[in-house]
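Please put together the full structure from these sequences, using the hints given.
Okay, here's what each chain looks like letter by letter:
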Amino acid sequence: MKLSKQEYDQMNKQASPKSKLLPDCLWAFFVGGAICLLGEVLRTLYGRWGFALTDAAALTSATLVALSAVLTALGWYHKLATKAGAGTLVPITGFANAVVSPAIEFRVEGLVTGVGAKMFVIAGPVIVWGMMASVIWGVIYYFIRPLMGG
Amino acid sequence: MQMQNKKGDTLFFRTPPSVLGYAAVGGKKESEGPLADGFDVLDTDTTFGEKTWEQSESRMQAICAETALKKSGVTPKELDCLFAGDLENQCTASNYTMRDLPVPFVGLYNACATMAEGLGLAAAFIAGGLAQRTMALASSHFCAAERQYRFPLEYGGKRTPTSQWTATASGGVVLGSVGGPPYVKAVTFGRVIDYGIKDINNMGAAMAPAAAHTLLTFLKDSGRQPEEFDRIFTGDLGAVGSTLLEEICEKEGVKLTNHSDCGLLLYDREQQQVDAGGSGVGCSASVLCSHILPQLKSGKLREVLFIATGALMSPTTFMQKESIPGIAHLVLLGSGK
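The listed protein sequences derive, respectively, from chains A and B. When the letters of the first sequence are read in order and numbered with my numbering, they come out as residues 1 to 150. When the letters of the second sequence are read in order and numbered with my numbering, they come out as residues 1 to 337.
None of these hints come from the bench; they were simulated from the model. Just so it is clear, the structure is predicted and the values come from calculations on it, not from any experiment. Think of the CB as a built atom: it goes at the ideal place given N, C-alpha and C, for glycine as much as any other residue. The reader is advised that the hints may include incorrect statements.
As the list claims (entries may be wrong) - List of simulated lysine-lysine pairs, DSSO-like, C-alpha gap at most 30 Å:
1) B/K7 - A/K13
2) B/K158 - A/K5
3) A/K20 - B/K198
4) B/K321 - A/K5
5) B/K300 - A/K5
Stated by the list, open to error - Simulated restraints on C-beta separations:
6) B/L130 - A/V128: 36 to 44 Å
7) A/K83 - B/D37: 49 to 57 Å
8) A/K13 - B/G129: 48 to 56 Å
9) A/G75 - B/K6: 49 to 57 Å
10) A/K13 - B/V41: 39 to 47 Å
11) B/G336 - A/K2: 31 to 39 Å
12) B/K7 - A/K83: 49 to 57 Å
13) A/C25 - B/D37: 36 to 44 Å
14) B/S298 - A/V90: 53 to 61 Å
Spelled out as structure tokens, the structure:
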């Protein structure tokens, strides 16, 4: 064939449809926003029930994680995610989904080699590089804090 | 006695092997698709009564083999050789199916081109006088493929518009040296073609050059024109790959006006949310056995090209940022010799 790789690359770019940016952003904004709103409602409720602010925040996270785990197990979370994209990925519920879904999927390979080994296959990198980023920022913060008058 | 002619890369069979029988088996999504009526067995919970997705795929393949043999009136003992392949690591779906089928077994892997590869080999064995009855069998299972190639089923990921849906389906074809139509008249085994596509969610684009290369090779070897065939079926380029195939052919001076893609036939793209269309070994295999062969048998189609295409990467090579090599094998099928 006479076709060159560069030519084909151009043809492919033209033939491949792009994701629809505006609807994707709107879905992500409203679903993500709704999850955060739910978090806010929960935090206010926990506050009203007499929990201190830090406890109310921790309970809110725990409730959202539990809710996401249940919805993942019921097979509903990924259905919402196919539309919501980053809206369901970014909040803490997305992290819970990323841990629970491989745990369910690899259950058939056993509790240790399946669930145990594969549970963090998606969330693992987030933990590793998230921790690394917080350590680096901690060191930077240590040095700049006096300059900031802290 | 020479049983076939080889010209270029194409094997022309002087005494074309006969398709004695065939079967297509599918899952839930396939049962909701436009070709559902052509399937022999459809399992609407997609587990086929098994505990793991890998076992489900084997069960599905076994059901397909049994049904195809029954429909062709051939017993396993009468088979000289069976060619089978699938998408699972180490081809285990086929290996475990063959545990219960006492037939000499050749395991194959050419990703989604496996059905044409198997059919081509099964026909060549008969045409070459090495066998009387052979079988080609292939399958893929959406759930088994996803957990191996992508993410867990319940993971909330977003699919890109160029991605394709792995079919939960199996197809099996029994061939014999003596029998009625349809016939396998020629085979072109393709070459590995890589145009540098790296996007695992755009496999149609990775395979289109291979499909074009094999088709152009066959047309050159046979001296025939595309419009001489009732239909040219590729599988499974999907929407993006189909457009690209037609564009490449046009650049090479060949206009395709009668091209259909198995990935676009198996599902209703708008209703079933499969983005660019279907894919997977079982896609072209089941479309062949539920849609193409029945029409050849009834005489509705007289002569068609079946070109199954495969993307030959693995999750490992993808993560190592390798490009995706493509392959396509062509089988010429006819209702007459």
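Now the hints, each set against the structure:
Pair hint B/K7 plus A/K13 does not hold up; C-alpha atoms about 36 Å apart against a cutoff of 30 Å. With a C-alpha separation of about 29 Å, the suggested pair B/K158 and A/K5 falls inside the 30 Å cut-off, and the hint holds. Using a Cα cut-off of 30 Å, the hinted pair A/K20 and B/K198 holds, with the two alpha carbons roughly 21 Å apart. For a cut-off of 30 Å, the pair hint linking B/K321 to A/K5 stands: about 17 Å separates their Cα positions.
Between B/K300 and A/K5, the direct Cα distance comes to roughly 40 Å. Violation of the 30 Å bound is thereby established for this hinted pair. The beta-carbon spacing between B/L130 and A/V128, approximately 55 Å, falls outside the hinted interval of 36 to 44 Å. Evaluation of the 49 to 57 Å hint for A/K83 and B/D37 yields a failure: the beta carbon distance comes to about 31 Å. Between A/K13 and B/G129 the beta carbons are some 49 Å apart, a value that agrees with the proposed interval 48 to 56 Å.
In this structure, A/G75 and B/K6 meet the distance hint of 49 to 57 Å, their C-beta atoms being roughly 52 Å apart. Our hint of 39 to 47 Å for A/K13 and B/V41 holds, since their Cβ atoms are close to 42 Å apart. Checking the proposed 31 to 39 Å range against B/G336 and A/K2 shows it holds: the Cβ atoms sit about 36 Å from each other. At roughly 52 Å, the beta-carbon separation of B/K7 and A/K83 lies within the given 49 to 57 Å, and the hint holds.
At roughly 41 Å, the beta-carbon separation of A/C25 and B/D37 lies within the given 36 to 44 Å, and the hint holds. A C-beta distance of roughly 54 Å is found between B/S298 and A/V90, which places it inside the suggested range of 53 to 61 Å.
Figure legend: structure checked against the earlier numbered hints; hints not met, in rising order: 1, 5, 6, 7.
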